[in-house]
Amino acid sequence: MIHTEALNLHVDGFGRLVATLPDGTTRAGLVPVRCFPLADPERWVSLCDAEGREAMLLEDPSALDSESRRVLLDELARREFVPKIGRIVRIAGDAEPTLWEVETDRGPVSFTLPTEDHIRPLRPHGALVADSHGVRYRVEDRRKLDAHSRRLLEQYM
Amino acid sequence: MPPTRPRIERFSPLAAAPAPTYTGAAPCAPGSMPNEPPSPLLEAADALRRPVESRLRPGESIRACFQPDLDDALRYREGLVVLTDARLLAVAGPDAVREWPLSEVVSLRAADRGGLGWLEAHGASGRLCAWSFTVVRAGRARAFVDAFGRQRDGAAPETVREEAEVPEAEAHEPPAKIGLLLRLMRFARPHLGHVALGIALTLGTTAAGTIPPYLTWPLVDDVLAPYQNRVRDIREDATLDAPRREARLADAREQARAPFSRVPLFLVLMLLSALATWALGWAQGWVLARLSERVSADLRNTTYEHLHRMSLEYFSTKRTGDLVSRISSDTDRINNFLSDTLLDFITDVLMIVASGAMLFYMDPWLAGATLVTFPAVAWLTLYMRNRLSTGFLHGSRAWAEMTSILADTIPGVRVVKAFAQERRESQRFRQANDRIVALNDRVNRLWTFFWPMVALVNQLGVLVAWALGAWRVYDQHITVGVLTAFLAYIARFYGRLESMTRMAGSTQRAAASAQRIFEILDRAPGVPEPAHPVAPGRVRGEIDIRRASFRFGHRQVLDDVSLSIRPGEMIGLVGPTGAGKSTLLNLVCRFYDVSDGAVLVDGTDVRSFPVSDYRRNIGIVLQEPFLFYGTIAENIAYGRPEATRAEIVEAAKAARAHEFILQLPEGYDSIVGERGQTLSGGERQRISIARALIVDPRILILDEATSSVDTQTERQIQEALDNLVRGRTTIAIAHRLSTLRGADRLVVLEHGRVAETGTHDDLLARGGVYARLWQAQQKAPEGQGDASPVPRMSA
Chain A
31 MIHTEALNLH VDGFGRLVAT LPDGTTRAGL VPVRCFPLAD PERWVSLCDA EGREAMLLED
91 PSALDSESRR VLLDELARRE FVPKIGRIVR IAGDAEPTLW EVETDRGPVS FTLPTEDHIR
151 PLRPHGALVA DSHGVRYRVE DRRKLDAHSR RLLEQYM
Chain B
43 MPPTRPRIER FSPLAAAPAP TYTGAAPCAP GSMPNEPPSP LLEAADALRR PVESRLRPGE
103 SIRACFQPDL DDALRYREGL VVLTDARLLA VAGPDAVREW PLSEVVSLRA ADRGGLGWLE
163 AHGASGRLCA WSFTVVRAGR ARAFVDAFGR QRDGAAPETV REEAEVPEAE AHEPPAKIGL
223 LLRLMRFARP HLGHVALGIA LTLGTTAAGT IPPYLTWPLV DDVLAPYQNR VRDIREDATL
283 DAPRREARLA DAREQARAPF SRVPLFLVLM LLSALATWAL GWAQGWVLAR LSERVSADLR
343 NTTYEHLHRM SLEYFSTKRT GDLVSRISSD TDRINNFLSD TLLDFITDVL MIVASGAMLF
403 YMDPWLAGAT LVTFPAVAWL TLYMRNRLST GFLHGSRAWA EMTSILADTI PGVRVVKAFA
463 QERRESQRFR QANDRIVALN DRVNRLWTFF WPMVALVNQL GVLVAWALGA WRVYDQHITV
523 GVLTAFLAYI ARFYGRLESM TRMAGSTQRA AASAQRIFEI LDRAPGVPEP AHPVAPGRVR
583 GEIDIRRASF RFGHRQVLDD VSLSIRPGEM IGLVGPTGAG KSTLLNLVCR FYDVSDGAVL
643 VDGTDVRSFP VSDYRRNIGI VLQEPFLFYG TIAENIAYGR PEATRAEIVE AAKAARAHEF
703 ILQLPEGYDS IVGERGQTLS GGERQRISIA RALIVDPRIL ILDEATSSVD TQTERQIQEA
763 LDNLVRGRTT IAIAHRLSTL RGADRLVVLE HGRVAETGTH DDLLARGGVY ARLWQAQQKA
823 PEGQGDASPV PRMSA
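Quick note, the sequences are listed as chains A and B, same order. Throughout, my numbering is defined as the position within the first sequence, counted from one, plus 30. Throughout, my numbering is defined as the position within the second sequence, counted from one, plus 42.
In isolation and in its complexed conformation, chain B is listed as follows:
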């Protein structure tokens, strides 16, 4: 039994893009010897290839190969099915070879559902064999079936599958392998001046903060301690009587006047350093807050811009609330981190280094001995860091979950109210919130245990310093002044260390947020820009769809569709729901890229055009026109903001929108969109037609443009559309077949394939799918407006 071979896909960051993958049957050069490249057999493992090679008869040539990746028990295991000009061979292992002469094989069928595909060979009296494969290989299985069909029909084998040169896509830089927070540095680069100033100010603040404890040393050793000792000596001198003692004390006071005169100097110095620390700290805080505000704004802008380069496919798999929370709250967390935590962190590190240096300068032996607890704290922090980062990541996710509920229910509030489910939605929100609380509780439990622990360890360090310091004083190695300053530094050292470990929390929170931001930024755009762009300019509007296939998840939405459209021609797309009509439009607009085949405009692959230059040639009218918050004039001029008032009015007139706009109190300046003027469906639709008209597109896409309105309004819209269609290449989808009577040609799609093509009369005469649909609609009573029971062919 050969070892099971796992299916290994080559990993590349571009894998998300519907990259043009090779799904054809392995091309076979007819007559080529099996061991001669480019024999398709070479792709197969030795154990599978050899049995075939050894069984080939002289002169027998291989037509096609297919490698199922599952065995009969649906376990991952490579197999091999080979079609020669005489036989069908199946290899499951070195000794498990079955073969059938082609005369026995009546048909070969491939199908797939839910990620699993199967290929079956049927004979005259029953099934000969069946193979299973994952959907990854479905395209190859179909190509194998096609090759079999050609072989049986005696057609010449397709030596090399006609494959359009796939234009090379712009390379997307793979993410750098450095820490997430360090990657934020990229956004600090434009503000290097600020950064340098911030660092200089931080250094100054730290230096100023290190001075006061240092001044206590001479204050104690040169001024306070000698005087105190003298006073004590006099008081404890038993040989002196009271009056003499008083005299001696007065003497001592007199003599101490000189050293004590230095005290104001020390105090002034301390005051100055405090003032300097304050002023520098202020400047430093301001500079860094400004910096972080700009960095996080840049981060938001960059992320949002990058989001707009994603394909529709990306947005259909991501929840709106999640994206909103990434761009709003995650960038804000990073902002907080940069302005507060990072500042404190740098200050703390500098303070720790400075205090540590001072400690070693004053008494290396004592410093070394008292800092033994430091590694323990460092280890503890490191250990906690990992535990915390996972916790915070989960917290961020739960937060996004909550925003998703908001983004889901607020636009859908009519449904919520209609079904009286307010209580349930509140409950759902409450549950999401409870989850946030529970996750945060978990992190907090860990967290709150951690920092008192660090405080305790630090207290122990100070204790050790006291004990050893006392001993060193006793041993006459150091003076009390040194010990005082030493203790001031060590308290500072551990204090800073403690605040640094407290920061581990917000640092990890920021790191988790940074990860969520970079998840967007690192993602290759789904519709990549070409590496060698061809400027489309103003296209003529000739569209050539060549053997286009499109797969969405495990569904084959379009299967080998070919269609040529002349410039200025109007095509009506007809077919039942799910036939792939909208997908075909999306491919033409390049919202998605084909899985296989190509879409050519004016003879050039659309993947060669810069995306936005190409789309400037396209105008779209959708079933549910989306208007943005803004005035009607702004909405009409959306695709061409520089349009003049005259052009806007002209477009509105052509779209039959001018009159109703004039009825609104503020005319063209009325606010529409969310929170704006309420417009009817037909009115919104006519504004969207004006919006498409004003860009004067060469290619026009009408996706159910009239299906959401009543027949009366439809008539008005139809007039508007007639203006729009004139002279442009148009592809229209409509469920009311009557609205497509102006089309030059009708294309009927069924199950992702072109079923029929022709004019209305041709198709009626043919009596096929279209004729049936037409008759069904004619029987239904017309003219009852929106509620008419016209059989809807598409949703």
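So here's chain A without its partners, still in its complex pose:
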């Protein structure tokens, strides 16, 4: 068991995430993965090597020193791509699959929704939409969407 406080994280010249353990040994090329990206995104971050084997598991990343924490959060932000849907412009197609045109925090985009089962409601008021390529989009709070978007989304939930 490694004490999180004693762990140092930095990014080397090759853009690889490197962890330095208290005994001075280093592990390079680590990929941070959230274990519970929906239920508990802030805690339980696993650092895996390129083959997907876990090198270490950080139960509470907030215990890292501030610089390491910043590096970790940057790296997570770089590895995660779940655009947040702010508005649903329109949904084309009466039958599945349907074509969605949405505005997200990453810009406007269209995607194909294979079936209504690809929309997963998230408690309490969110939703996770997976398109035909497996790219996921998130609705943080359905109640905060405008009426038009909400009506379109509710048809599928």
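Non-contacting residues of chain A with respect to chain B, defined by C-beta distances greater than 12 Å in every case (computed):
#1 E35
#2 T50
#3 G156
#4 R173
Straight-line Cα separation of at most 30 Å, DSS-like style, residue types lysine-lysine; simulated pairs:
#5 K360(B) x K114(A)
#6 K360(B) x K459(B)
#7 K174(A) x K114(A)
#8 K360(B) x K174(A)
What the simulated footprint calls covered on chain B by chain A, stretch by stretch (three residues with Cβ under 8 Å from a Cβ of chain A suffice, anywhere in the stretch; the number is not a length):
#9 114-120
#10 172-186
Rather than coming from a laboratory, the hints here were simulated on the basis of the structure. Values in this document were obtained by computation on a predicted structure and should not be read as measured data. Glycine included, each C-beta is placed from N, C-alpha and C at the ideal position.
We have chain A already, so just place chain B on it with the hints.
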């Protein structure tokens, strides 16, 4: 800053099928001028293309291009990375161009995870640049990396990626753009005679129902009213004394005998029309109920048949309970709608038209004035219709949610009981039910407010008719008889209107159900039939997998796998869990289609064969053999129902199942499957081997056929399998490597790629992945049956 370009996918109903998409790196004709087609640069926007074109040196040629669709902040924005024979160029905007001579670029890497991909260029002392893209472009990124590898190794650039001609798939008709309920008409077409009869009877019923009020008019005006007036005149005549008045009244009675003699005629006519309405209504109800029963049965059959044309992928994304509820309860709702509501609706419309016509015929002025409330009701109905349809759709979904819980927990009841979670499952069911109640409450609230509202508006209409009618009588425009008949019609008119608005509920419910049915029917089959089918006949069993890739969601399950199998050869597929072994089998069986590349059998792309003709050549034995409810004989003959008893017994003997079947009280006639005879795993497995044997397949698929049984049983199954394998092209997956020793060749898969190929001895000598796996299994103690701690390589 150029405007952000959204990623627009061309929408087609075929998009759900793993349609062969072009994922290769854009092919570059070497030496071609950049502005000359088919330059890959043409795909890029002007703003990105120009900076590259202007920077190209004379004689420099483009080898490959890649367009990342995300910028550094992971916002959607097109970029461009270009590989020439001398440089690597990256364009983010008209003035944001970076370039590196190829001598500086040591390596190029692409990877993706969770929908996001990244491409990195590394130099000797650090990372030069990194680009991000969505997983949609992952295939192109990998191809770009491959192109870089070839360029660095000095290999000739692959001018045109070897791409097998993808057989054209049968077109799936896009759904018609008409109302959902109108689309049900398609299912009424085979019963046109019934439909015509139903409509004729409805017209007759309506006509018969319109007669009685019309008869009240002469009854009042010619018979009752004149007599009543005379009687009143005599009674109120002050000049008459009592005896004379009595005499005059008797006179009047005498004189009225003639007009009153017509009363029985009116009554008989009314009785006749009532009888006609009854008889016609009966016939009409019967005809339409028969019709709707057949239409909804057709609907169920068509939907179920269509469901069987879907790929496995569809079933893996749909919940069983949801599909069950669509086919059972949604079709039933449509049935109810067709038999009851539609009938009433047509009758009501006809009645409204007929009554309206009568009203205008009797007194256009009064009719026009009293019908002013009609538009209000029509608008109210229309408004409610939309609100209700959403409500009912949600209701149907909640219902499906509930059936899904049933479909989930009833087969899993052993787990529920083992973990003592009955209470929690009941709670889960209760919650789903509560949701149905809550959603229905919402609809009902709307609904119950609506129809009394309509009733009120209609009452107002009748009130207006009374007021204006009284005035018209006073004004001597119409007689009391006309007013009586008029009021009878207007009551009927509004009554019908009210019942019609009440129907809006069941109509919308049926429309919601129709939508859920058509969601299945409109879906293009995941494994489409070929447009120009090639009959496979009985194949020789030569399998050629060419650069096959398969993506499931955002996971690249198979990546550029090539494998040639000779007819009659046995291949053992080995590799850790998730290496893509089962997926490769599914591609050969054509349960899925490749994302890229091709699977050829006897030199023909499997996508050219009609699906079921091709599958007739394949026999499958799965890890968990599924037996259907029925006798053992029926289960063995499942793939060839016409098989004789002799063939069934022969297959069972070859599968080493004959003896244990004879031990069962009813022998081959024993019922197995759900609610049937309990068989052990090994016994079920041997029945499934017999099932595969009887179709005499050319290609045999064994997916962990022996992994769920103990070693003793495995030996028996192995004997059965040896009979099965003989002379057939076989692909087998097994976690016990010892069971694959009969294989001609072993193929080791790792991370979706072929890691090693060779015989058992070759691979052991090589000391690679296979040798490690083999040694790990040899160290573990053997012969302890099911519970032996043999390291399982696959689940």
